[in-house]
Amino acid sequence: MRKIKFFIDFDKEEKWLNKMAKAGYQLESKGFGYKFQQAKPEDTTIKIDYRQFKKKEDFIDYLTLFEDSGWKHIAGTKGSGTQYFIKAEGNSDEDIFSDKHSKAAKYKRLSEMYIQLTICFIPVFAVLVSTDLIDINALYNPKLLYLTEGLWDRSGTDFWKAFLFETPFVIFRTIVWLFIPASILIYLYCSYKANKLYETNK
Amino acid sequence: MNRDKNLPLTETTYYILLSLLEPAHGYIIMQKVEELSDHQVKIAAGTLYGAIENLLKQKLIQSVKSDDKRRKTYVITDAGKEVLRLDYARMQHMITMTKKLLNL
Chain A
41 MRKIKFFIDF
51 DKEEKWLNKM
61 AKAGYQLESK
71 GFGYKFQQAK
81 PEDTTIKIDY
91 RQFKKKEDFI
101 DYLTLFEDSG
111 WKHIAGTKGS
121 GTQYFIKAEG
131 NSDEDIFSDK
141 HSKAAKYKRL
151 SEMYIQLTIC
161 FIPVFAVLVS
171 TDLIDINALY
181 NPKLLYLTEG
191 LWDRSGTDFW
201 KAFLFETPFV
211 IFRTIVWLFI
221 PASILIYLYC
231 SYKANKLYET
241 NK
Chain B
28 MNRDKNLPLT
38 ETTYYILLSL
48 LEPAHGYIIM
58 QKVEELSDHQ
68 VKIAAGTLYG
78 AIENLLKQKL
88 IQSVKSDDKR
98 RKTYVITDAG
108 KEVLRLDYAR
118 MQHMITMTKK
128 LLNL
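Protein sequence lines correspond, in order, to chains A and B. No gaps in the numbering here: position 198 of the first sequence is 238 in this note's numbering, and each next residue is one more. No gaps in the numbering here: position 59 of the second sequence is 86 in this note's numbering, and each next residue is one more.
FYI, nobody ran anything at the bench for these hints, they're computed from the structure. There may be inaccurate statements among the hints.
Selected chain B positions facing chain A (in silico; Cβ < 10 angstroms) [said to hold, decoys possible]:
id, residue
1, R30
2, D31
3, N33
4, L34
5, Y41
6, G53
7, S64
8, K69
9, A72
10, A78
11, I79
12, K92
For each residue, glycine too, the CB sits at the ideal point set by N, CA and C.
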């Protein structure tokens with residue numbers, strides 16, 4: 041079963057995943073959305089860390105440390121950031137963190153990742169604006185999005201025919217063009233939220 | 028008085044440095060810290076991983092070659108030993124003063 045959900049608060053995500061496990065759905069992988077497999081319903085302790093790795097050996101060393109201490113890695117890849125661990129039998133620890141500060145620090149890393157994404161998108165946005173692929177003025181004046189010459193001087197059926205004909209193209213162009221600025225705003229918002237969680241938890 | 032910027036060490040950091048007087052990998056560090064602290068300090072995996080990362084950045088520990096392909100091995104550096112000595116002296120002073128004033 042697949043489910044699409046989005047979390048910034050890892051505590052809430054952990055609770056949800058434990059609830060799913062109790063209902064008989066165990067997390068199998070996380071990519072775009074969560075993939076679950078049917079399993080025996082059980083009480084689990086799933087914990088999430090946030091780390092990205094440049095080198096494969098660093099990732100293996102990290103996973104081995106967790107597995108040595110009784111946390112089985114169930115989902116996450118070298119570059120995915122979110123790493124999901126499930127408490128193994130015989131492990132007496134309740135959490136993968138033993139102090140408040142290190143637990144909060146993962147939100148700092150998450151927030152920094154969103155800032156980096158924002159920074160990567162800003163030059164793309166700037167290039168699209170400077171090459172006129174994105175016309176900022178169209179934000180105030182949507183009429184500019186219609187490229188048919190003299191469209192706004194026409195009237196009656198002639199106008200409506202041309203207007204309706206072009207509208208689907210305009211919608212498509214607008215979605216493409218809104219995608220980048222909307223992404224920038226969403227990333228900034230996520231970064232702000234993650235940083236707030238860092239501040240309240242540290 | 029100019030105090031070393033790494034002082035005072037947290038209890039966790041102090042024990043990690045102490046346990047790295049001999050080379051060890053992550054899980055051994057966890058066990059050693061628990062043993063050295065008489066089971067008072069238990070470090071969880073995520074916390075230890077972050078602590079190792081910080082100590083490497085501060086150059087108080089360094090990684091060393093080992094046969095274990097899956098686990099990195101670390102050892103304390105001279106700078107790390109110096110910080111341990113300084114923190115020891117700091118605590119020694121606290122103990123002396125406490126003894127004196129509390130008539131222990």
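Quick rundown of the hints versus the structure:
The beta carbon of R30(B) comes no nearer than 21 angstroms to any beta carbon in chain A, farther than 10 angstroms, and the hint placing it at the interface is violated. For D31(B), the interface hint is violated, since its Cβ never comes within 10 angstroms of a Cβ in chain A; the closest pair sits about 21 angstroms apart. This hint is violated: N33(B) has a C-beta 16 angstroms from the nearest C-beta of chain A, more than the 10 angstroms allowed. Here the hint on L34(B) is broken, as its CB sits about 18 angstroms from the closest CB of chain A, past 10 angstroms.
Interface hint status for Y41(B): violated, as the beta-carbon distance to the closest one in chain A is roughly 14 angstroms, over 10 angstroms. At about 4 angstroms, the closest approach between the beta carbon of G53(B) and any beta carbon in chain A falls short of 10 angstroms, and the interface hint on this residue holds. Hint on S64(B) is violated. Least Cβ distance to chain A is approximately 12 angstroms, over the 10 angstroms limit. Because the beta carbon of K69(B) sits about 6 angstroms from the nearest beta carbon in chain A, less than 10 angstroms, this interface hint is met.
Given the 10 angstroms rule on beta carbons, the hint for A72(B) holds: about 5 angstroms separates it from the nearest Cβ of chain A. For the restraint placing A78(B) at the interface with chain A, the shortest Cβ-Cβ distance is roughly 7 angstroms, inside the 10 angstroms limit, so the hint holds. For I79(B), the interface hint holds, the least distance from its beta-carbon to any beta-carbon of chain A being 9 angstroms, beneath 10 angstroms. Hint on K92(B) is violated. Least Cβ distance to chain A is approximately 12 angstroms, over the 10 angstroms limit.
When held up to the earlier numbered hints, the structure conflicts with 1, 2, 3, 4, 5, 7 and 12 and fits the remainder.
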